[in-house]
Amino acid sequence: MNTKKKTVFQKYSAEDKAILIGGYVILGLFVVAIILPMIYIILASFIDPVTLQNSGLTFDFSKWTLTAYERVMSNEQIWVGFRNALVYSVLFTAISVIVTLLAAYPMSRSDFRGRGFFNTIYVITMFFGGGLIPTYLLISNLGMLDTIWAILLPGAFSVWNMIIARTYYMGIPKDLQEAASIDGATEMIYFFRILLPVCTPIIATIAMWQFVGMWNSYFDAMIYLNSASKQPLQLVLRSILIQNQPEPGMVSDMQSTAERAQLAELLKYATIIISSLPLMIMYPFFQKYFDSGIMAGAVKG
Amino acid sequence: MKKEPASAAAGGNASRFHNDLVYIRQHWQLYLLFMMPAFLLTVIFRYIPMGGIAIAFTEYNPIRGILGSEWIGFENFTRFLSSPDFMRYLMNTLKLSVYGLLWGFPAPILLAFLLNRVLSSKTKQKIQLVLYMPNFISVIVLCGIVRVMLSPTGMINSLLGTNTNFMTMPSAFRTIYIASGIWQGAGWASIIYTAALSNASEELKEAASIDGANIIQQIKAVEWPAIKDTVLIQLIMSVGNIMSVGFEKAYALQTDLNLNTSEIISTYVYKKGLLDGDYGFSTAVGLFNTVINLVLLISMNALVRRMNEGSGI
Numbered sequence: 000m001n002t003k004k005k006t007v008f009q010k011y012s013a014e015d016k017a018i019l020i021g022g023y024v025i026l027g028l029f030v031v032a033i034i035l036p037m038i039y040i041i042l043a044s045f046i047d048p049v050t051l052q053n054s055g056l057t058f059d060f061s062k063w064t065l066t067a068y069e070r071v072m073s074n075e076q077i078w079v080g081f082r083n084a085l086v087y088s089v090l091f092t093a094i095s096v097i098v099t100l101l102a103a104y105p106m107s108r109s110d111f112r113g114r115g116f117f118n119t120i121y122v123i124t125m126f127f128g129g130g131l132i133p134t135y136l137l138i139s140n141l142g143m144l145d146t147i148w149a150i151l152l153p154g155a156f157s158v159w160n161m162i163i164a165r166t167y168y169m170g171i172p173k174d175l176q177e178a179a180s181i182d183g184a185t186e187m188i189y190f191f192r193i194l195l196p197v198c199t200p201i202i203a204t205i206a207m208w209q210f211v212g213m214w215n216s217y218f219d220a221m222i223y224l225n226s227a228s229k230q231p232l233q234l235v236l237r238s239i240l241i242q243n244q245p246e247p248g249m250v251s252d253m254q255s256t257a258e259r260a261q262l263a264e265l266l267k268y269a270t271i272i273i274s275s276l277p278l279m280i281m282y283p284f285f286q287k288y289f290d291s292g293i294m295a296g297a298v299k300g
Numbered sequence: 000m001k002k003e004p005a006s007a008a009a010g011g012n013a014s015r016f017h018n019d020l021v022y023i024r025q026h027w028q029l030y031l032l033f034m035m036p037a038f039l040l041t042v043i044f045r046y047i048p049m050g051g052i053a054i055a056f057t058e059y060n061p062i063r064g065i066l067g068s069e070w071i072g073f074e075n076f077t078r079f080l081s082s083p084d085f086m087r088y089l090m091n092t093l094k095l096s097v098y099g100l101l102w103g104f105p106a107p108i109l110l111a112f113l114l115n116r117v118l119s120s121k122t123k124q125k126i127q128l129v130l131y132m133p134n135f136i137s138v139i140v141l142c143g144i145v146r147v148m149l150s151p152t153g154m155i156n157s158l159l160g161t162n163t164n165f166m167t168m169p170s171a172f173r174t175i176y177i178a179s180g181i182w183q184g185a186g187w188a189s190i191i192y193t194a195a196l197s198n199a200s201e202e203l204k205e206a207a208s209i210d211g212a213n214i215i216q217q218i219k220a221v222e223w224p225a226i227k228d229t230v231l232i233q234l235i236m237s238v239g240n241i242m243s244v245g246f247e248k249a250y251a252l253q254t255d256l257n258l259n260t261s262e263i264i265s266t267y268v269y270k271k272g273l274l275d276g277d278y279g280f281s282t283a284v285g286l287f288n289t290v291i292n293l294v295l296l297i298s299m300n301a302l303v304r305r306m307n308e309g310s311g312i
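Going down the list, the protein sequences come from chains A and B. Numbered continuously in numbering that gives the first Met the number 0, the first sequence closes out at residue 300. Numbered continuously in numbering that gives the first Met the number 0, the second sequence closes out at residue 312.
Simulated from the structure, these hints should not be mistaken for laboratory data. All figures in this text were calculated on a predicted structure; none of them were measured in a lab. Virtual Cβ for every residue (Gly too), placed ideally from N, Cα, C. One should not assume that every hint holds.
[To be verified] The calculated lysine to aspartate or glutamate pairs, modelled on DMTMM-like cross-linking and capped at a C-alpha distance of 20 Å, are:
id, chain 1, residue 1, chain 2, residue 2
1, B, 219, B, 205
2, A, 16, B, 69
3, A, 173, A, 75
4, B, 270, A, 110
5, A, 10, B, 19
6, A, 229, A, 219
7, B, 219, A, 15
[Unchecked claim] Have a look at the derived ranges for each label pair, beta carbon to beta carbon:
id, chain 1, residue 1, chain 2, residue 2, range
8, B, 43, A, 21, 52 to 58 Å
9, A, 199, B, 295, 47 to 53 Å
10, B, 163, A, 13, 27 to 33 Å
11, B, 216, A, 185, 54 to 60 Å
12, B, 259, A, 53, 28 to 34 Å
13, A, 258, B, 61, 44 to 50 Å
14, A, 78, B, 294, 34 to 40 Å
15, B, 237, A, 193, 34 to 40 Å
16, B, 163, A, 93, 18 to 24 Å
17, A, 65, B, 43, 39 to 45 Å
18, A, 32, B, 295, 56 to 62 Å
19, A, 65, B, 294, 53 to 59 Å
[What the hints assert, rightly or not] Chain A is faced by these chain B residues, among others (derived, beta-carbon under 7 Å):
id, residue
20, 45
21, 48
22, 56
23, 143
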């Protein structure tokens, strides 16, 4: 393996080698730039707040402490946030995937009457919309403020994902459908028993996008949900990381303002680690869907 | 047919209508079960708010509703366009996205070219795993990372031996916004180009190198043509979205002291509308933004179509 690589590399001229090495250096720098802050945050999250404030990172392990993790993890609001985010993301993904996959099916059939009409109706919404206030007033008039529906329904149907699923369906051989219709299979049976099982890669891709998208968003929750008990994780994180307001109880036992500020800063590091961990661990497992999904989207730009 | 065109056309329409009815009756499931949920969601949550745009032309009063509110024509628009802050918000929005495009658009293309030259496919996969990772960090956590990295006691200041508070500097906001965007998104955005590049067949590249083509020549002759269309499509999409700079990130990076450069139209719409309750005015500002965006998208598409012999989107 190694020798083979060497011979490939040696085929290049001196000038090309210089270009290649320059390229590898740039790539290496980019990788380092991504990893370095992550390592710094992991290390910093274990360090005593006063030391971190005054001298930064240290490898004097007597200055290391788990206090940040204890404080963040013993806070109830974080767990409420985790639970809500999980509920919202799972339900949103389920609704969105079902609605989108269903709609993509008629749109994929060349004999579907009204295809052009529906297509126009949907594509317009990709480029034009009512905007923030009219949408907010609608949600308010529907009585959906501070309910889970305000989070789940407005974005459930994604035109973009529908186009991707439709393109994927159209790549499935027609014989399958003809065989099914000879058997007298109804649309529903054909769709669920024959079409969907061969479309799992694209379903997984769309589901992953919707899940990650919902898990990571905060805007809708910020404007539609008021109750603390309904806040998803990102809103809890926002008050700790962005608004600099740790949850009550996290720092209130500290005597001086300075101590509270130092602790609040340390808590940010631990909060970043704890909140990103689930997706970071899961992410390598769905890596195999990235390429297929992105390419499916690229076909019909 | 030629003798009685009118009646033939009428007969044709009638029978087409009849055929449609027969088709719909036969395939009612397609309409009622497959299409209905998406169609209803679209009408309710996309089209009804479009009707709500009328608010922009009223002195909107939530208690009286749209029809009961006073109709003031374009007054909200003129109020925005003539306000001293208008130019600042517009320029902040434009600068943020234009500079973001200038720096952010080439970055993933460069990454894809570099990745394509990594000789060992195992190494390449490991690098990709790292490059894609930041994409899964949420906006809030990203901005949290930015804030702790740049805080007076954070990593950057420790490295530089200073204690500057970057988050309060208006002059640093755009750099922070754009650099963190590249940090998070460039790797992920490179996937689409990497895929297109791997379609440029290895053989073709080898043939080129046997002919004695050096790397620069290979890129010109083989690799660039392989991704050119993808680049153009991505470019149209990005330019079309120039006015829709992400609200979420700009808002999460704002501090009271950097508003001079960080207040963009979408954050202004949010503050005016939902925080101040100035519904009519806020809707007008939002509509202004949407329309500019639409114009940009259409003209960009037309331009590319002309340059590229008819292949826009």
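>> Given the hint of 34 to 40 Å, is the C-beta distance from residue 237(B) to residue 193(A) inside that range or not?
In response: Given about 39 Å between the Cβ atoms, the range holds.
>> With the threshold set at 20 Å, check whether the alpha-carbon distance from residue 173(A) to residue 75(A) stays at or below it.
In response: 54 Å, violated
> Using the C-beta atoms of residue 163(B) and residue 13(A), is the stated range 27 to 33 Å upheld?
Replying inline: 44 Å, violated
> At the C-beta level, are residue 199(A) and residue 295(B) separated by a distance inside 47 to 53 Å?
Replying inline: 38 Å, violated
> Has the given pair, residue 10(A) with residue 19(B), been kept, meaning a C-alpha gap of at most 20 Å?
Replying inline: 65 Å, violated
>> Taking the Cβ atom of residue 43(B) and the Cβ atom of residue 21(A), is their distance within the range 52 to 58 Å?
In response: With a Cβ separation near 55 Å, residue 43(B) and residue 21(A) satisfy 52 to 58 Å, so the hint holds.
>> residue 229(A) and residue 219(A) were given as a pair; does the straight-line alpha-carbon distance stay at or below 20 Å?
In response: 12 Å, holds
> That 34 to 40 Å hint for residue 78(A) and residue 294(B) (C-beta), does it hold up?
Replying inline: Between residue 78(A) and residue 294(B), where Cβ atoms are some 47 Å apart, the hint is violated.
>> Checking one constraint from the list: CA of residue 219(B) to CA of residue 15(A), max 20 Å. Satisfied?
In response: 14 Å, holds
> Do residue 163(B) and residue 93(A) keep their Cβ atoms within the hinted range of 18 to 24 Å?
Replying inline: 47 Å, violated
> Do the Cβ positions of residue 32(A) and residue 295(B) conform to the proposed distance bound of 56 to 62 Å?
Replying inline: Hint violated: Cβ distance 31 Å, outside 56 to 62 Å.
>> Given the hinted pair residue 270(B) and residue 110(A), is their Cα-Cα distance within 20 Å?
In response: Since the Cα atoms of residue 270(B) and residue 110(A) sit roughly 48 Å apart, the hinted pair is violated (cutoff 20 Å).
In the structure shown, a violation is registered for the earlier hints numbered 2, 3, 4, 5, 9, 10, 14, 16, 17, 18 and 22, in ascending order.
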